[in-house]
Amino acid sequence: MKKEERAKKLSRRSFVKLAGGATLAGTALGIAGFPGLAQAVKADDLEKVKAVLVDIPKCIGCESCTVACKVSNNKGFNQKEQAKTAKERGEEPGKGLVSDTWTSITLYEPVIKGNTVRRFVKNQCFHCQHPACASACFAKALQKTPDGPVVYDQYLCVGCRYCMLACPFDIIRYEWEQSIPGISKCQMCVERVEAGETPSCVSVCPQGALRFGDRDELLKEARTRIAAKEDGVSYINHIFGENEAGGTSWLYITDVPFKEMRFRTDVTTKALPSYTEPYMRMTPIIGASWAAILAGIYVVTHRKHGKAQKKNNESDQ
Amino acid sequence: MQEETARGKWGFRFTPVRLVMLGIAVAAIVIVLVRLVVGLGGVTNLNDQWPWGLWIYFDVLLGVALAGGGYSTAFIVHVLKVDKYHSIARSAMLTSLLGYLLVVLGLFIDVGQWFNAWRPFVSWGHHSVLFEVFLCVSLYLIVQFLEFGEIASEKIFKRTHKFFLTSMPILLIIGVMLPTLHQSSLGELFFIMQGKLDPLWLSPIIPICFLLTSFAVGPAMIAIETRLASRPLHHKPDLPVLKGLIKISGGILLIYFVIKMIDLGVRGQFGNMFAGTFASNMFLLEIGAGVLIPILLAFSRAVATNAGQIWFACLTVGGVVLSRFNMMTGLGGYLNASGAHYFPSVMEFIVSIGFVCIACLLYLFIAENFVIVDDHAQGHEVELKEDVGVPAQQVTMDN
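Top line first, the protein sequences correspond to chains H and U.
Residue numbers for the first sequence follow this note's numbering, beginning at 1 and rising by one.
Residue numbers for the second sequence follow this note's numbering, beginning at 1 and rising by one.
No wet-lab data here; the hints were simulated from the structure.
Even glycine gets a Cβ: it sits at the ideal position worked out from N, Cα and C.
One or more hints might be untrue.
[What the hints assert, rightly or not] Capping the alpha-carbon separation at 25 angstroms, the derived lysine-lysine pairs in BS3-like fashion look like this:
#, chain 1, residue 1, chain 2, residue 2
1, H, K304, U, K84
2, H, K220, H, K270
3, U, K81, H, K307
4, H, K58, H, K87
5, U, K162, H, K307
6, U, K81, H, K304
7, H, K58, H, K70
8, H, K304, U, K162
9, H, K307, U, K84
[Unchecked claim] Ranges of calculated distance between the beta carbons of each label pair, as one might list FRET restraints:
#, chain 1, residue 1, chain 2, residue 2, range
10, U, F145, H, K259, 50 to 60 angstroms
11, U, F257, H, S203, 56 to 66 angstroms
12, H, Q207, U, P199, 39 to 49 angstroms
13, H, A195, U, L139, 41 to 51 angstroms
14, U, F163, H, E47, 54 to 64 angstroms
[Stated by the list, open to error] Partner residues aside, some chain H positions facing chain U, computed with beta carbon under 8 angstroms:
#, residue
15, G159
16, P181
17, L272
18, W290
19, T301
Model the full assembly from the supplied sequences, consistent with the hints where possible.
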């Protein structure tokens, strides 16, 4: 009987130890904050990223960029999509972006001060500074490279499509017709950018509507253009992408309200990962503490229970 | 009859209802095979604007929530050691195991590169809420299998029984901790969709809402299950036991309701509740019929009656069903604003229903061949003597 009790006590003690250890380990993990987390959003890295400035009034809708994209990324000619006009695409839910079309041109014809104006918008991934898709990916299949592009690796992808819902600009597409599908989005010609070249869409633009460079330089350039009212164009004092979703690598300036061209103007200016990543940092601590509390309760209730049972047995005898 | 099968023989009766369920299950499996060949586009109505559909909201979100009866019962019976609920612990935990099996199956067919499902174990996307859900759900499934090992080893592989008995305390504690984490994280999943979800639901306390509702729905599910299973398994629902559980559930719902109202008040969303839009009406239905009425029922005298318990259970489960589907409602306004729309295809429905049929058939098979509904531990029978008197009276009164 005594031996048994001692064994019980011992196991109880080791159990409590285990629970305590778990709490400590969890807390340590939490405080360290998963070193990777801090790495992913290093502020000085982000100042050096490359970006593209899109000058909407300069675009004439020639669609050279979309063809260049198809050619350099080996995406086939999609008869059904290519037959559509830019205006038709502008009225579609997906703005003409499908799994084999990473960039598209849409046409909008808003009425400004009594005049109907025609404006072409180039659509593609915005390559956020703090990408929600990469933060949402639980297999690291999406990552922000130091140069700026947010790239996708199908080898790691599970295909859960959480990134598609997390994306603040609804840009990511899925290969619905494939038996082994991946997601699909602009990679900002990551190899070309790494080699110091411009993305292929930028390289073919005949109007100078697309300009590639360092993000901070391009922001300055955008402000200069807005102030100068170049070529009699009166720009709106707003660089879309400067602060949207915490800042993006694709920046847009225009003379027509962004809302008229289906830009998501109500998007938060906070980096989206900052909504959920603190929660994830807390989780190990909460989990370990909760396990320790449960273990404590377990020990107490079962000790009481054991005593009650003993009493019962004694009174029965 | 129960005695006989539990003590050795194997058996499974095929009734007409079970044959129908088997038929639907086979149809579902055929559709799954077709889906593996032609991709999601050929079977589902999912599209680039609606990347998540019925399989995620029904099989995964709702499946995990409704399987919450397992961890809430494990917590009440095994951790808090409230012995009077011991008789339902096994069936509740078995249902939970099968529920999670369903969830994992549902996820498996919904993801594109299913053969990569193991990938996050080595490629840690630890910043993603989904990573935590993935880790906790898969570990919890393993833990539940081990917990079931205690029951299974009474009949097969008897030599392992002692091992399972001694490891139960650790398993139980991990088995309560993991669901606490992933039940709440399933809600937090939506928090990154800032500006997309209707503000009635998109709140920093979304994880707490998911956790509390999943805990509260446990007793309601048990109340329904025991009634559904009572006929085929010849087992009467134990009204006083269920009454106690329902009161706990009602208390949790009350806390949930108060927190929810404070949250809406703090975020200035009270007015939006009565905006008269589709989303706001769905919200009112969810909170009114699925939370408020069950609270009133749980603390009224109706809770002791069969009818009262059935009403409570159905309304609470309905409320949780709505609360998970309303993630779809809350997103729908945003997703459809671009002109997109989604309604599940017939094949999506068949697969979802077929999976539920598979789980039901498995439950019946296990309940008829292992000791699930009868209290097994002799030690407990002695203690329970006092309580046993009450249901006996109840039964005679009912008759």
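Right, here's what the structure says about each hint:
1. A hinted pair counts as satisfied when its Cα atoms are at most 25 angstroms apart, and K304 (chain H) with K84 (chain U) qualifies at roughly 15 angstroms.
2. Simply put, K220 (chain H) and K270 (chain H) have alpha-carbon atoms about 21 angstroms apart, close enough for the 25 angstroms limit, and the pair holds.
3. For a cut-off of 25 angstroms, the pair hint linking K81 (chain U) to K307 (chain H) stands: about 13 angstroms separates their Cα positions.
4. Taking the CA atoms of K58 (chain H) and K87 (chain H), the gap is near 17 angstroms; set against the 25 angstroms cutoff, the hint holds.
5. Distance check on the hinted pair: K162 (chain U) and K307 (chain H) sit about 23 angstroms apart at the alpha-carbon level, within 25 angstroms; holds.
6. Among the hinted pairs, K81 (chain U) with K304 (chain H) is consistent with the structure: their alpha-carbon atoms are about 10 angstroms apart, no more than 25 angstroms.
7. For the proposed pair K58 (chain H) and K70 (chain H), the alpha carbon gap of about 22 angstroms is at most 25 angstroms, so the pair holds.
8. As the CA atoms of K304 (chain H) and K162 (chain U) are separated by approximately 23 angstroms, the hinted pair is consistent with the 25 angstroms bound.
9. Between the alpha carbons of K307 (chain H) and K84 (chain U) the distance comes to roughly 17 angstroms, so the proposed pair stays at or under 25 angstroms and holds.
10. Taken as a hint, the range 50 to 60 angstroms holds for the pair F145 (chain U) and K259 (chain H), whose Cβ atoms sit roughly 53 angstroms apart.
11. Taking the beta carbon of each, F257 (chain U) and S203 (chain H) are about 60 angstroms apart, inside 56 to 66 angstroms as hinted.
12. Evaluation of the 39 to 49 angstroms hint for Q207 (chain H) and P199 (chain U) yields a pass: the beta carbon distance comes to about 41 angstroms.
13. One distance hint, 41 to 51 angstroms for the beta-carbon pair A195 (chain H) and L139 (chain U), holds here, with the actual separation near 44 angstroms.
14. A beta carbon spacing of about 58 angstroms between F163 (chain U) and E47 (chain H) agrees with the range 54 to 64 angstroms that was offered as a hint.
15. Below 8 angstroms, beta-carbon pairs count as interface contacts, and G159 (chain H) has one with chain U at about 3 angstroms; its hint therefore holds.
16. Checking P181 (chain H) against chain U: minimum C-beta separation of about 4 angstroms stays under 8 angstroms; hint holds.
17. Interface restraint check: L272 (chain H) against chain U, minimum CB-CB distance 6 angstroms, threshold 8 angstroms, status holds.
18. At its closest, the beta carbon of W290 (chain H) sits 5 angstroms from a beta carbon of chain U; the interface hint therefore holds under the 8 angstroms criterion.
19. The criterion of a C-beta within 8 angstroms of any C-beta in chain U is met by T301 (chain H), whose closest approach is roughly 4 angstroms, and the hint holds.
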